[in-house]
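Student: Counting along the sequence shown from 1, when you hit position 123 you're at 122 in numbering that gives the first Met the number 0, and nothing is skipped either side.
Treat the hints as calculated values from the structure; they're not laboratory data. One or more of the hints may lead you astray.
[What the hints assert, rightly or not] Here are the computed distance ranges between Cβ atoms for each label pair:
(1) Asn25 <-> Gly174: 19 to 27 Å
(2) Cys259 <-> Asn25: 49 to 57 Å
(3) Ala250 <-> Leu133: 26 to 34 Å
(4) Leu133 <-> Arg72: 30 to 38 Å
(5) Phe161 <-> Gln73: 20 to 28 Å
(6) Val258 <-> Arg190: 28 to 36 Å
Computed from a prediction, not measured in an experiment: that's the story for all the values here. We put the CB at the ideal spot given by N, CA and C, even for glycine.
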Amino acid sequence: MPVFAGMGQHAARRETVYARRKEERNMTIFVCRDSLEGILCGVYDAWMSRLGHANVALELEDRGNLQMFSQYRQVEETREKTDKVVDAIRTKAGQEAYEMVFRVSLSREEEKADRIYRFLIYALNLKRDVTDLLQIPAVYEVFRINRNVGNEAHLLIEFARFSRTREGLLVCTVGPKNDVIILMAPHFADRLLGENWIIYDEGRQKAIVHKADEGWMVVRMDLTQWKERLSDSTDQKEFEELWKAFHDTIAIKERTNYVCQRGHLPLRFRPYMTEFQ
């Protein structure tokens, strides 16, 4: 414990120096694409610049607000850079640290690229299981974002509702805050192995497409045509009515508690659930 406590104080001082330097706005900012590959290439460029960790920062593209007196450098993505950073994380920090970085890259937080970079400064230098050292601010921030993304993916798996088209395709529409449909895919690929199905993120217009008894892939697509086919499916409408009737039947009116319902089932998930249509 004394070692961890001292490490936490040292980390806090380093974070203070970085924050002060950032306020002075005299930094080199590496601008990267909002993707795992883009962020990891940004980490590589910032690290290899040798400008000092307190003098560099990572930002996502299209942030809008430019800092005065700061130099901006566009990150060039290459497979070689990505592979080198991935190998370094897995070798020095472990698989758990890499999985945390992957999930954080799916977050909607604008500061996630720099959060990952600050985390990797400790992860690659300590060469231990850094994920438990939550007294370090940079580690805690990544832990917090990772937990938020993981929780949303878990809830969406529970609340996902599929509809079947006349062609037999199962379609599920969701509207997550974070880009988490890729975290949902392994669960449904196992549970619905013999089915053709799509999980569609309507906010980002991207989907997971699974072919029966085969694998799945991420694609960009517009599901307007599939929604029209669903509305024309009379069998689907009957199943929806049966599902709603089932929920109405098992409900106990005297024990209705809307506050408790919102705690277990947030309102933002309900537009995509059949029983709340």
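Student: It remains to establish, for every hint, whether it holds in the given structure.
Tutor: Cross-check of the supplied hints:
1. Separated by about 41 Å at the C-beta atoms, Asn25 and Gly174 break the suggested range of 19 to 27 Å.
2. For Cys259 and Asn25, the hinted distance range of 49 to 57 Å is satisfied, since their beta carbons lie about 52 Å from each other.
3. Between Ala250 and Leu133 the beta carbons are some 41 Å apart, a value that contradicts the proposed interval 26 to 34 Å.
4. Against the hinted window of 30 to 38 Å, the Cβ-Cβ separation of Leu133 and Arg72 comes to about 32 Å, which satisfies the hint.
5. Between Phe161 and Gln73, the C-beta spacing of about 41 Å breaks the proposed range 20 to 28 Å.
6. In this structure the supplied range 28 to 36 Å holds for Val258 paired with Arg190, their Cβ-Cβ distance being about 32 Å.
When each numbered hint is compared with the structure, violations occur for hints 1, 3, 5.
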